[in-house]
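2 protein chains.
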Amino acid sequence: MTTIYLAGPDVFLPEAVEIGRRKAAICAAHGVSGLYPLDNAVDLSAAGASMTIFKGNQAMMDEACAIIANLTPFRGPSADAGTVYELGYMAGRGKLCLAYSNDPASYRARVARLYDVATAADGRLIDPEGMTVEDFGLSDNLMMIHALDLHGCPLVTPREAPADIWRDLAAFEACVRLAAGRAAAPSS
Amino acid sequence: MTTIYLAGPDVFLPEAVEIGRRKAAICAAHGVSGLYPLDNAVDLSAAGASMTIFKGNQAMMDEACAIIANLTPFRGPSADAGTVYELGYMAGRGKLCLAYSNDPASYRARVARLYDVATAADGRLIDPEGMTVEDFGLSDNLMMIHALDLHGCPLVTPREAPADIWRDLAAFEACVRLAAGRAAAPSS
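Residue numbers (this note's numbering), protein chains in the order written: chain A, 11 to 198; chain B, 11 to 198.
In case anyone wonders, no lab produced these hints; they're calculated from the structure.
Mixed in with the good hints there might be a few duds.
Identical chains blur together in the list; that is why a pair holds if it fits in one copy or across any two.
Straight-line C-alpha distance at most 20 angstroms; calculated EDC-like pairs for lysine to aspartate or glutamate [to be verified]: (1) Lys65 x Asp159; (2) Lys65 x Asp145; (3) Lys65 x Asp53.
Model the full structure from these sequences, guided by the hints.
Below, the structure written as C-alpha cells:
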C-alpha cells in the first residue's frame with residue numbers, strides 16, 4: 011500500500027491530533043496509508059524532546075514513499091519552514107512530492123499585503139529592505155513550486171480561500187486522490 | 011576538491027552577484043569550491059525563467075557534496091523558504107549540511123517580537139491564531155536545526171547580531187572552515 015507522510019503546520023493547531031486522524035481517515039478512504047507526525051505523543055518538557063520529534067519525523071519520512079505537504083502560508087508570506095524542509099528532504103530522497111495551499115494568492119500579492127513593495131531603479135520589485143520579491147506569478151518560492159512540478163504533481167490550490175484555511179481539507183483530499191491515482195497507474 | 015552549494019536569500023540582495031563572488035572567494039581561501047546560484051544570469055522576463063532557475067539550482071546541488079545555508083530570518087520569524095527547501099534536499103541526498111544565521115535570538119523570542127504570544131489554557135505557548143509556538147530554545151524550526159546536528163554541524167550563530175545581517179560574512183566563514191576541516195579529516 012502507498013504510504014504517505016502528511017507534513018504541515020497542522021501539528022501546531024490546538025486540535026493537532028484530531029486533524030491528523032481526519033487526514034489519515036481521508037487517506038484510508040482512498041486506499042492509501044497516511045503517516046502523521048506524532049509531535050503530540052512526545053513529552054515536550056523532557057530533555058531532548060525536540061530531537062526525539064526530529065528523529066521520529068525523519069523515520070516516518072524514510073518509511074513513506076510520498077509526501078503531501080500543507081504549504082498554506084504560516085507566520086508570513088511563505089509556508090511553514092519545518093514543512094518546507096520536509097518537502098525538500100523527500101524530493102532529495104526521490105519520493106513522490108505533492109502539496110496544497112489553502113491560500114490561492116500569488117507570493118507577490120501576499121508579500122504586498124504584509125510589506126510596502128516598490129520597483130527599484132534597476133527594475134527589481136523590492137521589499138522595504140531592498141530585497142527582491144519573486145514575481146513569477148507562483149504561489150511561493152520557486153524552489154518548492156517547481157520541485158512539485160518535477161518531482162510529483164503541481165501545487166493544489168482552491169479557487170478561493172476556504173472560510174477556515176487551517177481546517178478545510180478539500181485541497182488535501184485532492185492531493186490524496188492524485189497520490190492514489192499515481193499508485194494505481196501501471197507505470198509507477 | 012570539496013564543492014559546496016551556497017544557499018541563501020543573498021540572491022535577493024541588490025548586489026547579489028557581488029556577495030556571491032565574496033562568498034566564493036572566502037571558499038577559495040580555505041581550499042574549497044563554492045557554487046553560488048546563478049539566478050541573476052537568467053533573463054527573468056523570459057518564459058519559463060523560474061523553471062530555468064530551479065533546474066540550474068538543482069543541478070548545482072547535485073554536483074556539490076555539501077551545502078552552507080544562510081538561515082538568517084527572512085520576511086518573518088523563520089529562514090527563507092527556498093533556502094530551507096534546499097537544505098532539506100541536500101539532507102535527503104545524504105550531503106554534508108552546514109548553516110548559519112546572523113540573528114542569534116531564539117525562535118520563540120523572534121515570534122514574540124512579531125506577534126502577541128500567550129499561554130493557552132492547555133499550557134501551550136500560542137500565537138494570535140492559537141497555533142503552537144515552538145519553544146525549545148532553538149533558533150528556528152526543529153527540523154532544520156536538528157538536521158544540521160545530525161547531517162553536518164550545529165547551526166553557527168554570532169554572539170550578537172552584526173550591524174549588517176545581510177552582508178556580514180563572519181558566520182559564513184566559520185561554516186566554510188568547518189566544511190574545509192571535514193574535507194581534510196581522514197575519515198571523510
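Verification of the hints:
| no. | hint | result |
| --- | --- | --- |
| 1 | Lys65 x Asp159 | between (28 angstroms within a copy, 11 angstroms between copies) |
| 2 | Lys65 x Asp145 | between (36 angstroms within a copy, 18 angstroms between copies) |
| 3 | Lys65 x Asp53 | within (14 angstroms within a copy, 41 angstroms between copies) |
When held up to the earlier numbered hints, the structure conflicts with none and fits them all.
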